[in-house]
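Student: Sequence:
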Amino acid sequence: MKFLLPLLASVQAEQVAPTVHVKAKAIRQMPSSIHQDVLTSQTIKRRQYSTLDSVLNSFPGTVIVRSGNIGQPSSVFVRGTNSNHLQVRLDGMRINSPDAANGSLDTSLIGTENLATISILRGGQGSLYGPDAVGGVLLLTTPKAESSQEDLQVEFSSNRVAKISGSAQHRYDTLGVYLGADGVRSSGNHQTPVTYRQPSGHYPRLYFRQNGFVGRLDHQLNDRSHLMLVSRYNQADALIQLFDRASPQERENFLHRGQLSVQPTLNWTHLFGVGFFQSRQNNAIRDRFQSQTMGQRTQFDWTQTYQSRAFGDFSLMLEGSQDRVKQNDARSSFAFLQNSFGMGCLWQKKGSWVDWDISLRHDKTASFGATVTHREGFVLKPWSGGKLIASYGTGFKAPTLYQLYAKTPYYSGNPDLKTEHSQQWDVGFDQVLGRCFRWQETYFMNRLTRLIYPTVDFQSNTNLGRARIKGLESGVSWFFGGWIVSFNHTLMRAENLQDRTRLLRRPRTKLAGIVSYELDDWLSSLEIIRQGHRPDIHPTNFRKITAKPYTVLHLKIQKKLTSGTRYFGRIENVLNRKIQEPMGYKQSGLAVYCGMEMRFV
1 MKFLLPLLAS VQAEQVAPTV HVKAKAIRQM PSSIHQDVLT SQTIKRRQYS
51 TLDSVLNSFP GTVIVRSGNI GQPSSVFVRG TNSNHLQVRL DGMRINSPDA
101 ANGSLDTSLI GTENLATISI LRGGQGSLYG PDAVGGVLLL TTPKAESSQE
151 DLQVEFSSNR VAKISGSAQH RYDTLGVYLG ADGVRSSGNH QTPVTYRQPS
201 GHYPRLYFRQ NGFVGRLDHQ LNDRSHLMLV SRYNQADALI QLFDRASPQE
251 RENFLHRGQL SVQPTLNWTH LFGVGFFQSR QNNAIRDRFQ SQTMGQRTQF
301 DWTQTYQSRA FGDFSLMLEG SQDRVKQNDA RSSFAFLQNS FGMGCLWQKK
351 GSWVDWDISL RHDKTASFGA TVTHREGFVL KPWSGGKLIA SYGTGFKAPT
401 LYQLYAKTPY YSGNPDLKTE HSQQWDVGFD QVLGRCFRWQ ETYFMNRLTR
451 LIYPTVDFQS NTNLGRARIK GLESGVSWFF GGWIVSFNHT LMRAENLQDR
501 TRLLRRPRTK LAGIVSYELD DWLSSLEIIR QGHRPDIHPT NFRKITAKPY
551 TVLHLKIQKK LTSGTRYFGR IENVLNRKIQ EPMGYKQSGL AVYCGMEMRF
601 V
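No gaps in the numbering here: position 341 of the sequence shown is 341 in our numbering, and each next residue is one more.
Hints listed in this document are in silico derivations from the structure and should not be mistaken for laboratory results.
For glycine and all other residues, C-beta sits at the position ideal for the given N, C-alpha and C.
Worth double-checking, as some hints may not be accurate.
[As the list claims (entries may be wrong)] Restricting the straight-line Cα-Cα distance to at most 30 Å, the calculated cross-link-like pairs of lysine-lysine (DSSO-like) are:
1) K45 - K470
2) K364 - K407
3) K350 - K387
4) K144 - K470
5) K381 - K470
6) K387 - K544
7) K364 - K418
8) K387 - K326
9) K349 - K326
10) K350 - K470
11) K326 - K364
12) K381 - K407
13) K578 - K45
14) K387 - K349
15) K45 - K559
16) K418 - K586
[Stated by the list, open to error] Here are the in silico distance ranges between beta carbons for each label pair:
17) K407 - L590: 17 to 25 Å
18) G351 - T562: 22 to 30 Å
19) T540 - L227: 39 to 47 Å
20) R543 - L360: 30 to 38 Å
21) T540 - V592: 44 to 52 Å
22) L360 - G385: 26 to 34 Å
23) L526 - S333: 49 to 57 Å
24) P204 - L360: 50 to 58 Å
25) A310 - L433: 28 to 36 Å
26) R577 - W353: 13 to 21 Å
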């Protein structure tokens, strides 16, 4: 093991190979008992994933709920947990929005352009990553300049969406520079189905415009030290449907991150990091309900890892952060600040027959005290290509500053809120036959307590909720000739223990798969996503209903003309299914996409 965990997500992920049959290489620096799915930029381009939501929807155990088409707010549920139970890190920096009321991150603003890897760790990872890692952790990394070249990609679709992205990277001896930009323009679609529209309502097309810029500098100071600097900026304008009216919204965030890696000896490594993240949102512009929020996070971290063949690898991590939140509307305003500090350690030893890992972390937050989390993992390798995997871990979700201290005419924060707690078990196996077949099964159970729920009058929050989630994740991958066949299935029951009902928008079953064939310079694929029955809320009378299952097919093809040019196209929702996810928010029907990519060396 070379580095540790969240702070080294960028380094780890850059070593990922582009297809799933080499996934074991990608996670060898992490405990082998962790369930991780990784896609690199090469695989993302081959599969023509244009949004982060489409990537995550292909993973087992994940469910995406987006309120309409591109640019509309979306939520990610991992193993049935809440959308704010997923911690997100970009180049090692935690980017869950400090100003969000529930602490979640709107993934609809993150495109796949200018990302080197996207990986998700399923299951509670609180002892490794700290707060909010109850359902899992999403790790994103910025590309590193490996050569000197420029790229340009354009894409158009029949559903009024145009995208353009480009990058330039150059190597100068020990210095590498990567610059990238991307833009999205969508004139939008009508989101609310006709059956749910009010006679006096206003339901226009919901436009979306986004611009993003990224820069990364890498400098190899000497044989034992490396410096990385990253800056990212993202800005978006969108029209959001709020019941019977539509209002403009502005969203903006930027990140600055620096990391210094030092290796005093061959078996002793240090990583120092510092970062700043800001998110800003302006809601209901030119409306009497207009509001502005801004959240800022300053983070520093230090990780050291010592390797020993005899005793295993030991890592120690320190992380501190300060969150600041400001909110203003026509009737109220507030500003709050919160400091937190975490200290964790990891021991792991990998052998020819057995792998062990134990991690422990102590987090202290000024608002509500200390929390201790731990995780134990075990991997038995009784035969060639086979692994029996088991783990147990705990996690916690910290109350947001809004939930603790907000004071508005319609809501009052509760400073007595406690952290949400989770306990998760999982057990399974991973079998590889030769180099062409892989079969995975994982049974998991998660118990959640002290969940933060609204009070009866919806004017505050309290720790009352309890939930139990259990399920089975299955995956099969087969590689032969030019064919790749990969399917995963999730069977899950997510239950609210307060009233013994199913948790909203968690399907009982979910199937995701892709079949692709490559011949010479042609690559064609067929992708399937099927969501089962799931409880939801009727958009007009607000009663609980059961949403119907649906199946979506995507047909994709691309042609490589030269070493630097390719054309691609796809038909999404080939069967033209009429999908509402969630109910009252219409998704796009059949849509045709076409585009091209050019590379200049």
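Student: With reference to the structure, classify each hint as holding or not holding.
Tutor: Structure-based check of all given hints:
no. : hint                    : in the structure
1   : K45 - K470              : violated (34 Å)
2   : K364 - K407             : holds (25 Å)
3   : K350 - K387             : holds (13 Å)
4   : K144 - K470             : violated (39 Å)
5   : K381 - K470             : holds (25 Å)
6   : K387 - K544             : violated (42 Å)
7   : K364 - K418             : holds (13 Å)
8   : K387 - K326             : violated (49 Å)
9   : K349 - K326             : violated (45 Å)
10  : K350 - K470             : holds (29 Å)
11  : K326 - K364             : holds (23 Å)
12  : K381 - K407             : violated (55 Å)
13  : K578 - K45              : holds (27 Å)
14  : K387 - K349             : holds (15 Å)
15  : K45 - K559              : holds (12 Å)
16  : K418 - K586             : violated (37 Å)
17  : K407 - L590: 17 to 25 Å : violated (48 Å)
18  : G351 - T562: 22 to 30 Å : violated (48 Å)
19  : T540 - L227: 39 to 47 Å : violated (56 Å)
20  : R543 - L360: 30 to 38 Å : violated (46 Å)
21  : T540 - V592: 44 to 52 Å : violated (33 Å)
22  : L360 - G385: 26 to 34 Å : holds (32 Å)
23  : L526 - S333: 49 to 57 Å : holds (52 Å)
24  : P204 - L360: 50 to 58 Å : holds (53 Å)
25  : A310 - L433: 28 to 36 Å : holds (33 Å)
26  : R577 - W353: 13 to 21 Å : violated (49 Å)
The structure fails hints 1, 4, 6, 8, 9, 12, 16, 17, 18, 19, 20, 21, 26 (numbered hints given earlier, in ascending order).
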